[in-house]
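Please take these sequences and the hints and turn them into a complete structure.
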Amino acid sequence: MAIRTSGIISGLSAADFLRMKDQLSDLQRQLGTGKKAETYGGLGAERGFSLAFRASMSQIDAWQQSISLVSTRISIIDTSLTGISKTISSTKTSMQPNEYKLSSGQTIGQVAAGQSLSSIVSMLNANDGTRYVFGGRKSATPPVVDPTIFLNGDNSKDGFKTVLLQRMQADLGVASASPEANPAATGRVTLSAQGTQPVTLTEDGVHALGLKVAPPTGAVDGITATHTAGPPASLSLAAGAGNASVGQAMMLKFTLPDGSIEQMTLTAVSADAPVVAANEFKIGANSTDTLNNLRATLGTQLGKLIGGPLAAASAVKAGEDFFKGEATASAGPPPVEQGIAKRLVAGVSGTMADSVAYDTPQNAEARTVRWYQGDLVSSNPRATASAEIDNAQSVFYGVRADEEALRTAVQYMAVASSLKFSETDTNGLGRFQALTPRVVSGLSMEKGTQTVQSIQIDIAAATTAAGSAKTRHADRKSMLGGLVTDIERADPNEVGVQMLALQTNLQASYQTSSMLSKLTIVNYM
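Numbering (the working numbering), first residue to last: 4 to 528.
Be aware that a few hints might be false.
Claimed, not checked - The calculated label-pair distances, taken between Cβ atoms and stated as ranges, are:
no. : residue 1 : residue 2 : range
1   : Gly-132   : Ser-444   : 32 to 40 Å
2   : Ser-248   : Thr-303   : 17 to 25 Å
3   : Pro-218   : Gln-99    : 30 to 38 Å
4   : Gly-221   : Ala-386   : 30 to 38 Å
5   : Lys-89    : Gly-250   : 43 to 51 Å
6   : Val-279   : Ser-125   : 49 to 57 Å
7   : Val-209   : Ser-78    : 48 to 56 Å
8   : Gly-221   : Ala-288   : 35 to 43 Å
What the hints contain is simulated information worked out from the structure, not anything from laboratory work.
Computed from a predicted model, the values in this text were never measured in an experiment.
Idealized CB from N, CA, C, for every residue including glycine.
Following this line, the structure appears as structure tokens:
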């Protein structure tokens, strides 16, 4: 009879053979796939580490994807800001006060400013394919209206050129299509008639428009100057004892709508002077005659001041009214967000010539184009776009086209390109020469608290942080990947040794089992 082999040699049961066969199959799989197990459970006690490391690597991938998106958007923003900065510089160079050669009512510098305006608006409407990057949190639509619309208006609302015209009418005191070239413009001051004494110069009311008469300086013998602060302010020049001497001068000062100060110097020359400059007056036989001569010069110079620097300053102020607009929101009704243009209301004449006040924000909103259509709610533009780049670390890179530096660039280019000049306008050159330094100063951000470069510096900080995080993540992911590999990867050399040992053991076991299976009682005895 056959002898029972199971259990004669320890470990050679049928279950043991199956176990060893399964072990061999698993080793063959490890050698083929390079992995210790097909499931995390097969990793044993190290499975928890593998899961934790892989979770960390997935989080790093998410951060790296966020950093990549942020880097793309910041690159677009920085490219636009660099382009805007170069455009500003080019425009400043083109605005030369002595290059007063007109073509269709504009100088070469003005034409360049108009082209620069279109370029800047295009750069402010940059997008990455998914969002407009200069609109703050409102990123689905272009933040800046097309220049042809915000300059000229649309079918229902006025644009900047209308605001400019009305402001100039109000500052110059004449209801005209071209108030800057109208000899009837008063500058909102009243000068007493020639021959009337004392000579008086009086503001026409209590308001912030036109020329503001400041205290004079200097002295002319025989003429007494009396300034009344008001409002409205006034100046009285009365003849008295004595008479002027050659070279004596009186300096009259005026505050313009943009806050600048303009000084008019009136200088006495001898009665027989062959040539009298525009700002000079002849000494008469007595102080009364001298004052009459001074009054004539004052009237001429006042006309030049009104058609020149005052008109230029009015245009600059109109730019601020339109582009900066209301600094705070209006509670209504109806409520109006900040940023709507300030609009003047007609005076008692029914025209802007004697306007004294701004309209309500609600009325202005209803009849004026908004040049900026982006986010108006967030107080901090940088906080309007953010991304998490590491554990408890985020970068902020939002930008709004209505930020001070960007708005100023749009504002002054619009002002520079919107004024019209004429060969027949005797004050045209003076107005252009008063306009150009104001535009250049504005584009230089001399009076502002922000520049285009300062925005770039803010954005660069986000770029630096994102770059550092990217490098840090790459190093950490490499380390974690190595640890996961150590846990999950099967060492082919070790697997080979185990397979050889197992195959040898199996072979010996099979041979032993075979021999025992043939053993009978006769053979055994």
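Quick rundown of the hints versus the structure:
Against the hinted window of 32 to 40 Å, the Cβ-Cβ separation of Gly-132 and Ser-444 comes to about 38 Å, which satisfies the hint. Checked against the given bound of 17 to 25 Å, the beta carbons of Ser-248 and Thr-303, roughly 22 Å apart, stay inside it. For the pair Pro-218 and Gln-99, the beta carbons lie near 35 Å from each other, so the given range of 30 to 38 Å is met. The beta-carbon spacing between Gly-221 and Ala-386, approximately 54 Å, falls outside the hinted interval of 30 to 38 Å.
For Lys-89 and Gly-250, the hinted distance range of 43 to 51 Å is satisfied, since their beta carbons lie about 49 Å from each other. Restraint check, Val-279 to Ser-125: a C-beta distance of roughly 52 Å satisfies the suggested window 49 to 57 Å. Between Val-209 and Ser-78 the beta carbons are some 53 Å apart, a value that agrees with the proposed interval 48 to 56 Å. Our hint of 35 to 43 Å for Gly-221 and Ala-288 is violated, since their Cβ atoms are close to 22 Å apart.
Hints 4 and 8, counting from the list given before, are not met by this structure.
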